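Asker: Produce the entire structure from the sequences given, and follow the hints as far as they go.
2 protein chains.
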Amino acid sequence: MVEARKIHQIEGTFKMRNGHLEQPVVAYETWGELNFQRDNGILLFTGLSPSAHAASSEADPSTGWWEQMLGDSKPIDTTKYFVICVNSLGSCFGSTGPASVNPETREPYGLQFPVLTIEDIAHAGHEVVKSLGLTSLHAVVGASMGGMTSVAYSILYPDMAESLVSISGSPRATPFAISMRSLQREIIRSDPAWNHGNYDKDEEPVIGMRLARKLGMLTYRSAAELEKRFGRELIPDGRQTGEPFGIDFEVESYLEAHADKWIGTFDANCYLYLSRAMDLFDVADHGGSVEVGLSRIGARRALVIGAETDLLFPIEQQKQIADGLRDGQREVTFHALPSIQGHDAFLVDMDRFRPILCDFFNCSMNQPGKLRKVE
Amino acid sequence: MVEARKIHQIEGTFKMRNGHLEQPVVAYETWGELNFQRDNGILLFTGLSPSAHAASSEADPSTGWWEQMLGDSKPIDTTKYFVICVNSLGSCFGSTGPASVNPETREPYGLQFPVLTIEDIAHAGHEVVKSLGLTSLHAVVGASMGGMTSVAYSILYPDMAESLVSISGSPRATPFAISMRSLQREIIRSDPAWNHGNYDKDEEPVIGMRLARKLGMLTYRSAAELEKRFGRELIPDGRQTGEPFGIDFEVESYLEAHADKWIGTFDANCYLYLSRAMDLFDVADHGGSVEVGLSRIGARRALVIGAETDLLFPIEQQKQIADGLRDGQREVTFHALPSIQGHDAFLVDMDRFRPILCDFFNCSMNQPGKLRKVE
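Just so you know, the protein sequences line up as chains C and P, in that order. In case it helps, our numbering puts the first sequence at residues 1 to 375. In case it helps, our numbering puts the second sequence at residues 1 to 375.
Simulated from the structure, these hints should not be mistaken for lab results. Nothing here was measured: the structure is a model prediction, and the numbers come from that model. One should not assume that every hint holds.
Cβ pair distances, simulated, as ranges [stated by the list, open to error]:
#, chain 1, residue 1, chain 2, residue 2, range
1, P, Ile263, C, Leu234, 54 to 60 Å
2, P, Asp237, C, Gln240, 48 to 54 Å
3, P, Gly298, C, Gln240, 32 to 38 Å
4, P, Val115, C, Thr105, 49 to 55 Å
5, C, Glu243, P, Arg296, 31 to 37 Å
6, P, Gln23, C, Glu243, 28 to 34 Å
7, P, Val292, C, Glu243, 29 to 35 Å
8, P, Gly242, C, Arg17, 17 to 23 Å
9, P, Ser289, C, Glu58, 54 to 60 Å
10, P, Lys130, C, Leu234, 31 to 37 Å
11, C, Thr105, P, Asp237, 51 to 57 Å
12, P, Gly242, C, Glu203, 39 to 45 Å
13, C, Gly264, P, Gly298, 51 to 57 Å
No farther apart than 30 Å at their CA atoms in a straight line, the calculated lysine-lysine pairs in the DSS-like style are these [claimed, not checked]:
#, chain 1, residue 1, chain 2, residue 2
14, C, Lys80, C, Lys6
15, P, Lys228, C, Lys319
16, P, Lys130, P, Lys6
17, C, Lys228, P, Lys319
18, C, Lys201, C, Lys6
19, C, Lys15, C, Lys201
In this text, a Cβ means the ideal position worked out from N, Cα and C, and glycines have one as well.
Answerer: Structure, rendered in structure tokens:
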């Protein structure tokens, strides 16, 4: 079996905003085939936590994080496009990050890893694109942190992508989003097991990561969704732990289950670096204002969408991106979706998000009735 | 000098929903004089964290937590009303709570304290009212947790108060509010210094309390206020600590300052008990539904107000209380205020909250121009 995940090693010194890495690697997966004209490439950037495994493939049939969006006859149709998804620089699923061994010291980078920026992630993604022989892209696509990265990419490489798709992204983090992420980072750093970033793989700060994940979930979803799904339902006596101040309500049990699933899957230092990269990102760094920064985006077409219930990347910010792009005479499609799932809607409210991406990428899905359901 | 804070000792066994206390005490303060008819009493319940010191007095001239609302010629005019503010049962400012010594063991109650409910707090408040010789009240007033308590009091003692004032309250916690408070409790419990509730006074779980306070602040305020006050302003180099993942933004510094101020002022176990009491409160426990519960409130007049930006006690819930009271043919005043300060607006947006309370209590303030500013 062919390994689905491929690794590209960047030659020489990779310069970052505040430091450098020697010969870092970037993990990626691809779907579909590059056409003869080499103009059907789509570059996909991820949110904070996923790997490059966006969808299943022959080489790796496990379900990907955007399985319903990407594949044969899906909204991003891999029979038509050559899709590249990169694991973000700084992450821990194959790309060089704080958990990787620093070739200069033969120890994990830990906090010796340079300050990471969204622009660094975009540059690293571009190295993969170049290595595959592409000199242009049909589109650059990203959601959440990936939305920020796709915007950064379109500013840094204005001639590369014909289209930009920014989903639940942001031109710069709001102080509320910064505060929530800053608190998650402080929670992790407050776990004695974090040990100033020097923890062994089998002694990770799991308590801090558990609490940070729960707080993350509360910012990724919406109060309306929790109300609808759980209300004030109590957990049955049989599932009570008897622990004082343990779990009373189903909604607490839901958060517990998410935290359980998360623990051990993500490196704490990588989380800190990626989380802070989102806070530091500001389109205004590219020209002095958000408007000027957005005007530097070279894409001819753009799709900007988000959920009205998003607390973390609020819909006003999606609108700000769309308006900024319109000023540049681009063909811009903007949708404010009434999904109740908050920031995570792009991962779960497929009935609303799929038809829009299908339309944008002119896909030929065979369920027009179901697909058109957008309010 | 007379001590402002008074203590009432409840005789015998005080029954709680899930246990009892022997001769607990309730701390309270009063302002103004009880009139000859004994019908000018106002009972004030507090939010989670304040003491009974709602306003300054001759006996204690320090600023109270609702200084601008309560006093001579203020919206709740203490030249006209006899105001009693109680420190909630379970709190740590004079009333019996988990930090108090259990007379049966001569050790602090800690987690041996019975499960606390909002109804228990209401009953304890009523013991003070009775001890002062009052058989009726002009009004029962509360904000936040105190709003819940004033609603509970009006259900449990339907013949006592002629008026009910519920400010940024709730007939029952939403799953989002439950989740946020549950996470604060888990953060405190995860601090090794908490030690399953057995910590010494000088070895409190300060790290957990600090993080819980920051999360609390983020639920008490609103994204709009943080945007307006702090935006993405960075702290100057001179205030940088050099600590990795320390503070970058002014909004982080603001949260840090609030946490610093909070540490050492509140007992961790008391916090856990009061926080959970809010989650457990459900007006529907009084008759099977929120509607039936609210219909049992005996007050003839009611004022229900809140802030539209409140994440924790959302404005829809204020409306639910108002609607439930209207069904009972009461005279109900409802205001959804456009304050941007979120849940805490009742403590800070005095230009909007004061005129409304002034109107309700027919106060005679001498700044009508300033006071009328309500949008």
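Asker: For every hint, state whether the structure bears it out.
Answerer: Taking the hints in turn, this is what the structure says about them:
no.	hint	result
1	Ile263/P <-> Leu234/C: 54 to 60 Å	violated, 33 Å
2	Asp237/P <-> Gln240/C: 48 to 54 Å	holds, 52 Å
3	Gly298/P <-> Gln240/C: 32 to 38 Å	holds, 36 Å
4	Val115/P <-> Thr105/C: 49 to 55 Å	holds, 53 Å
5	Glu243/C <-> Arg296/P: 31 to 37 Å	holds, 34 Å
6	Gln23/P <-> Glu243/C: 28 to 34 Å	holds, 30 Å
7	Val292/P <-> Glu243/C: 29 to 35 Å	holds, 33 Å
8	Gly242/P <-> Arg17/C: 17 to 23 Å	holds, 18 Å
9	Ser289/P <-> Glu58/C: 54 to 60 Å	holds, 56 Å
10	Lys130/P <-> Leu234/C: 31 to 37 Å	holds, 34 Å
11	Thr105/C <-> Asp237/P: 51 to 57 Å	violated, 29 Å
12	Gly242/P <-> Glu203/C: 39 to 45 Å	violated, 26 Å
13	Gly264/C <-> Gly298/P: 51 to 57 Å	holds, 55 Å
14	Lys80/C <-> Lys6/C	holds, 21 Å
15	Lys228/P <-> Lys319/C	holds, 19 Å
16	Lys130/P <-> Lys6/P	holds, 14 Å
17	Lys228/C <-> Lys319/P	holds, 19 Å
18	Lys201/C <-> Lys6/C	holds, 24 Å
19	Lys15/C <-> Lys201/C	holds, 28 Å
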